[in-house]
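What follows is the residue order along each chain.
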Amino acid sequence: MCELCMKHGAGGRWYLNARHYSNEIAERYNLRDFLLEQYKNFEQISVRPVYGFTAEGLDYRLKIPIIGRLIKSMAERMLHSTRPPVNPFRAEGHIGQVVPLEDGIAILEECAAEPIIEKNCMCRYMSRGVKEACCINFGVMSEIVDRLPRFIPEKEKYFLTRKEAVERFTRHNRKGYIGTIWFGPFPYINNLCSCENPECAGIRPRFDFGIMSVYKAEYVVAINTGQCTGCGACVQRCPFGALKIDVSSKTVSVDYEKCYGCGVCRHVCGSGALSLAARDDVPEVRGKY
Amino acid sequence: MLFGRKNRIVIDYALCGDGKGVDPRECSRCLRVCVPAVFLLHQTLGAREENPFDPQKWRVTPLWPSLCTRCMACVEACPVGAIRVCER
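In order, the protein sequence lines correspond to chains H and A.
Taken in order, the first sequence gives residues 8 to 296; the numbers are from our numbering.
Taken in order, the second sequence gives residues 3 to 90; the numbers are from our numbering.
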C-alpha cells in the first residue's frame, strides 16, 4: 500500500475510505467558500506565483542543480500538505493516485457523496482549448461547479445517478483515459478524473519532471505471454510508454518502472493476456508508487 | 552556455489574447497542434472581471518550453502570426 493508504486509509486504500468523501469534512474546513474561490479563477492557478516562483519557465529551473531540487521539494510540500487548507490560490493538499476501472467503479458505487456531476475537464481546456465532459465530481464540489457556467457541459446531462456515473467512467476508461482520484484539498476527495498524458496538469509534473504530484496505482500490469498474440495494440494504447513489443518473437514486455497501473491497456487486448497484479507483489516495484 | 540551449517561445499579446487580439478560446489552434502540449490557456492574471463567473480576458502562455521540439507547427498554425519560436 502507498504512503497515502498507510496514513489515511484506515486499514484499506485511502480512496476507498468513505470518510474522506463526507460533507462533514467539507463543512469542518469550510470548503464551500474555499472551492468556490478556487474555481472562480481556476485557470489562473498555474500562472500565479507561489513562494515567488511562477510555473512559466519552471521547467528549466527544475534542471538547475540544487535550486531545481529545492523547487521540487517545495512543490511537493505544497501538494502533500495535510494542514487545514487556507489559500485557495495554491494547489495545497492536491494529491492524487491513478486508479484502474474496477477501483473507480468501487469509488462511484460505494464512496462518492451525492450529488454526482460530470463537468468539462479543465486540464484539457487549458492545454488544448477543448471542452470535454469527463471529470466526475462529488458532494460540495458538484454544487460549486453547478454555479460556474463554463465548466458545465452544453449537450450532455450533467447531474448523474451512480449508475450513470459508472457508465460514463467506464466509457472514458475504455477509450484509453487514465482514471485518477484526487484530494482537493486534503482531506476531502471530490474528483474522479479521466486523464490523458500529456494534457493532464496533475500527471505532467510527475511524468515529465519527477515531481510527486500523483501516485502510481496500487497495481501494475501483468502479461500472460502464453495468451499474447503479439498484435501490439496495448503498446500503442499505453499512455506512459511502459509496454514494448519485440517484433521478431512477437512478445510484449512491460517496463515495471514506467507502468502506472492504470489498466487501460487491458481494454484493447483481444486475447485476454493482460491483467493487473498488486504492485506490492512485484518485487521490482514493491513500495514504489 | 551553462545549462545548454533553451527554447524560447514568444507570443505577441497585441495580436492574441488579453481582450485585444484574437480570442484564444475561439481559436486555440496552437494548443491543438502542439504534440507535447507546451501551451496553457488561462485567464489573464490580475484581471478583475465585472462578473468573475464569466471572465473575458484570456491568453496563451508557453508554460513548458523545455518540452518544445521546435517543430514549428504552432507558428504555422497561428492565423495572426503571433508566435515566435527560437533558441537562446
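Worth flagging that the hints you see were computed from the coordinates, not collected in a lab.
Some clues are possibly wrong.
Unchecked claim - In silico lysine-lysine, DSBU-like type, Cα no more than 35 Å apart, as pairs:
1) LYS182/H <-> LYS22/A
2) LYS59/A <-> LYS79/H
3) LYS79/H <-> LYS14/H
4) LYS8/A <-> LYS79/H
5) LYS59/A <-> LYS47/H
6) LYS79/H <-> LYS257/H
7) LYS182/H <-> LYS138/H
8) LYS8/A <-> LYS170/H
9) LYS162/H <-> LYS22/A
10) LYS8/A <-> LYS265/H
11) LYS8/A <-> LYS162/H
12) LYS59/A <-> LYS22/A
13) LYS59/A <-> LYS138/H
14) LYS138/H <-> LYS8/A
15) LYS70/H <-> LYS295/H
16) LYS251/H <-> LYS79/H
17) LYS162/H <-> LYS295/H
18) LYS138/H <-> LYS22/A
19) LYS257/H <-> LYS70/H
20) LYS47/H <-> LYS22/A
21) LYS251/H <-> LYS8/A
22) LYS182/H <-> LYS79/H
23) LYS295/H <-> LYS59/A
24) LYS59/A <-> LYS70/H
25) LYS8/A <-> LYS164/H
26) LYS14/H <-> LYS170/H
A quick look at each hint next to the structure:
With a CA separation close to 38 Å, the supplied pair LYS182/H and LYS22/A exceeds the 35 Å bound. Restraint check for LYS59/A and LYS79/H: the C-alpha separation of about 31 Å stays at or below 35 Å, so the hint holds. The suggested pairing of LYS79/H with LYS14/H holds, with an alpha-carbon distance near 22 Å, which does not exceed 35 Å. Between LYS8/A and LYS79/H the CA atoms are separated by roughly 20 Å; this keeps the pair inside 35 Å, and the hint holds.
Only pairs whose Cα atoms come within 35 Å are accepted, and LYS59/A paired with LYS47/H is accepted, the gap being roughly 14 Å. With a CA separation close to 40 Å, the supplied pair LYS79/H and LYS257/H exceeds the 35 Å bound. At most 35 Å may separate the alpha-carbon atoms for a hinted pair to count; LYS182/H and LYS138/H meet this at roughly 17 Å. Simply put, LYS8/A and LYS170/H have alpha-carbon atoms about 49 Å apart, too far for the 35 Å limit, and the pair is violated.
Our distance criterion of 35 Å between C-alpha atoms is met by LYS162/H and LYS22/A, whose separation comes to about 30 Å. Proximity of LYS8/A to LYS265/H is assessed by CA-CA distance (about 27 Å); at most 35 Å being required, the pair is judged to hold. Among the hinted pairs, LYS8/A with LYS162/H is inconsistent with the structure: their alpha-carbon atoms are about 43 Å apart, more than 35 Å. For the hint pairing LYS59/A with LYS22/A, the CA-to-CA distance comes to about 9 Å; that is within 35 Å, so the pair holds.
About 18 Å separates the Cα atoms of LYS59/A and LYS138/H, which keeps this hinted pair within 35 Å; it holds. Under the criterion of a C-alpha separation no larger than 35 Å, the hint pairing LYS138/H with LYS8/A is consistent with the structure, at around 32 Å. For the suggested pair LYS70/H and LYS295/H, the alpha carbons sit about 23 Å apart, so the restraint of at most 35 Å is met. At roughly 30 Å between alpha-carbon atoms, LYS251/H and LYS79/H fall within 35 Å of each other, so this suggested pair holds.
Using a Cα cut-off of 35 Å, the hinted pair LYS162/H and LYS295/H is violated, with the two alpha carbons roughly 41 Å apart. Proposed proximity of LYS138/H and LYS22/A is supported: the alpha carbons are some 23 Å apart, at most 35 Å. For the given pair, LYS257/H sits about 38 Å from LYS70/H by alpha-carbon distance, which is inconsistent with the 35 Å threshold. Only pairs whose Cα atoms come within 35 Å are accepted, and LYS47/H paired with LYS22/A is accepted, the gap being roughly 22 Å.
Distance check on the hinted pair: LYS251/H and LYS8/A sit about 31 Å apart at the alpha-carbon level, within 35 Å; holds. Annotation: proposed proximity of LYS182/H to LYS79/H holds, straight-line Cα distance about 33 Å (limit 35 Å). A C-alpha spacing of about 43 Å is found between LYS295/H and LYS59/A, which places the hinted pair above 35 Å, so the restraint is violated. At most 35 Å may separate the alpha-carbon atoms for a hinted pair to count; LYS59/A and LYS70/H meet this at roughly 32 Å.
Using a Cα cut-off of 35 Å, the hinted pair LYS8/A and LYS164/H is violated, with the two alpha carbons roughly 46 Å apart. Between LYS14/H and LYS170/H, the direct Cα distance comes to roughly 30 Å. Compliance with the 35 Å bound is thereby established for this hinted pair.
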